[in-house]
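Undergrad: Chain residues, written in single-letter form:
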Amino acid sequence: MAPLTYLQAISAALRDELRADERVLMMGEDIGVFGGAFKVTDGFAAEFGSDRVMDTPLAESAIIGCAIGAAVVGMRPVCEMQFADFISCGFDQLVNVAGKMHYRQDLAVPITVRLPSGGGFSGGPFHSQNPEALFMHSPGIKVVAPSTAEDAKGLLHAAIRDPNPVCFMEHKHLYRRVKGEVPDEIYETPFTARVARPGTDLAVIAYGAMVEVALQATADLDGASVEVLDLRSLVPLDEEAILDSVKRCSKVVVVDEANMTCAAGAQVAALIAEKGFEDLDGPVVRVATPDVPIPFSPPLEQAVLPGVDRVKEACRDLLEY
Amino acid sequence: MTSSSTDTLIDVTMPQMGVSVAEGTVVAWRVGVGDAIEAEQTICDISTDKIDTEVPAPVSGVVAEILVDVDQTVDVGTVMARISSSGGAAPSENGSAAPTEAAPADTATPEPEASVPASSGVTAPTRAASRSGGPGRRYSPVVSRIAAEHGIDLSTVEGTGRDGRVRKQDVLAVVNGNGHAGGAVADPPLHIESPYRPDPPEVGGTGSAQVAKAPAGSSDAGGVVTGGGGLSRIRRTIGERMKQSLDTAATCTTWIEVDMSRVEAARAKLGVTALAFVARATIDALREHPALNAWLNGEDYTRPQDVNLGIAVSLGEDGLIVPVIHKAQELSVEGLAARIRDIARRARARELTADDVLGGTFTITNPGQYGSIMATPIINLPQVGILDLEAVVKRAVVVTDSDGNDSIAIRPMTILGLSWDHRALDGALSAQFLATVKRRLETLPS
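Note that the protein sequences, when read in sequence, are chains A and B. Numbering of the first sequence is given in numbering that gives the first Met the number 0, commencing with residue 0 and proceeding in unit increments. Numbering of the second sequence is given in numbering that gives the first Met the number 0, commencing with residue 0 and proceeding in unit increments.
One side of the interface only, derived from the structure: several residues of chain B facing chain A at Cβ under 10 Å:
| no. | residue |
| --- | --- |
| 1 | Ser139 |
| 2 | Pro140 |
| 3 | Val141 |
| 4 | Val142 |
| 5 | Ser143 |
| 6 | Arg144 |
| 7 | Gly160 |
| 8 | Arg166 |
| 9 | Lys167 |
| 10 | Gln168 |
What follows is a list of derived Cβ distance ranges for each label pair:
| no. | chain 1 | residue 1 | chain 2 | residue 2 | range |
| --- | --- | --- | --- | --- | --- |
| 11 | A | Arg196 | B | Gln431 | 51 to 61 Å |
| 12 | A | Ala302 | B | Glu53 | 42 to 52 Å |
| 13 | B | Ala348 | A | Ala302 | 47 to 57 Å |
A short list of chain A residues far from chain B (calculated; beta carbon distances all over 12 Å):
| no. | residue |
| --- | --- |
| 14 | Gly34 |
| 15 | Met53 |
| 16 | Val71 |
| 17 | Gly73 |
| 18 | Gln81 |
| 19 | Ser121 |
| 20 | Leu133 |
| 21 | Pro298 |
These are computed hints drawn from the structure, not numbers from a lab. Glycine residues also receive a C-beta, built at the ideal position from the N, C-alpha and C atoms.
Start from the sequences and build out the full structure, keeping to the hints where you can.
TA: Here it is, written out as structure tokens:
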């Protein structure tokens, strides 16, 4: 056990996998000599060589396409998108090729695509997005989104060892802000939800950076007992855990950092409406980023991203309902 | 018609007249569709099961719609009318034909927070809340399910959510026996009909049938409150409350004879009624026996600090109401007499507010002015006792002097009856209480 930041936990998982399994290799822009835009792979090229930690051209389609080919012949590639936003350039390879390969040709595509996502640092509209819902909507791709250092390492181990394409949504805002005890050994965190704090009056369902926002917003809500459910995995979605929370609390606030329409939380809300209806004691309330590009301006960005105050207000309102 | 795109339609809703009032009946409209109205001008008269009052217009403007008919009973919060606050737009000549066009179907309230677009990222539950507070009182799935599982009549469950909405915890509280099922338990304003006045004539069975099928909180009673055949609203409420009390409390009645000679002498001197003396003696007895100054809600038995004394006031044909003298223990006999006069006058003038009829801890009923001598009053739940003061009549009684010699004397006598709830106390205590009242009345300083 060692206290690691979220970023260090990701690096540790990658290093462990590279050491443990020679089929594992990494591809991405500036991940080799430079050590990655966020220094996740700092020192990797020296330790593992440029054959296994490959710098690529600025061509996400090529990165993912190469990874698919390598995976099909038995490798375990890990692709880094420098920013999650850039995945749009690799969309066809990921969604149409990787996601459907098993269905069409009975070939497993064990690739992991790391997607540094999320805003909060004035990255502007091209460097702040949360595109996870796009891949939730595409069959054949798993999507995970850790909120803690421990889960970041465990989920990345599990993603690399999973036989399917997995989008690993790593939140940039958490990289150096979140720190926690992380086991030294290799461990796989299951693709299930985690109760971050149990409660009975209201459940806040969130993932990624919004888990911490939810915890802060509901730490002291006039004595109300508020549960926070950290989804951790969006595909597969842990229906059982979600419906358990609904059963316990009967009131639910779903928080997304992504743009509201068709976000992961929309799927959660739909699930609750369909399968948790009998347990509801109020409307399923959503807090998300409005359907606008993320502004560069710091005050504007803070205004659109769901913050502690907005979540708190939504929770209070629903508790009173 | 009257609405241009810049008009704002302001809702006029059935006001909350007190924390426990769930519905109200429109008695009369003072305006019609198309009439101009000033803010604070009375728009209609309403009647709740406790009080009658006027509803002021929230804004100046033109009456765009009237949505509730006279004699119709609706839940608190229901939109009764809409005022177009156009700031001068005149109604068209064919105003009566067009009101449905005036209001867009959107019933959202004009509060700014309700207009947050979905794309802003927060879907406020306020709209849903205001809908559920409207006619037909809706319940959430979980509340409905729990009620069905436990056979709970939700119309009797007091809601603590927004606009009185019944929440999961409210129905769970009833399941667990801590809640207030039944409006009368939470909410004791109306007291017994005097047993000494003739009951309203039975209306060929229809009246009682309507009472039976119109539980408290039913918003569906529009057809019941009619002039000819049905019971009046207040009679209906009295009937429900009385029946509920008899069905709930273990009612026993104990009587004691009291020599009122001292009271008669003192009241002649002070120029007040015997009731004020009995009230003062009762308050003192309640301080000595606080078990009777109490509320019993299910298993929840509480003894309030103050004596909030309810006094039953007859409204003649209209029924009976029990205004409450709060903190009555702080008042002298003269003070009590003045307060009794005041609340009786205001009750008959229909000027009581909701607060005037809430919070009673014990009740005195005094129908004795008609000459009757004994009664079995019905307890005003959740109180645990009610004292009945009957006529003071001269009788030949045996009196014993200080030397122990008996003789027959003519004395003004009365019989005090105490109905008490055997769930909360036992007969010995009720007898002690009555003995205390008797002692205090018979030992007044002359």
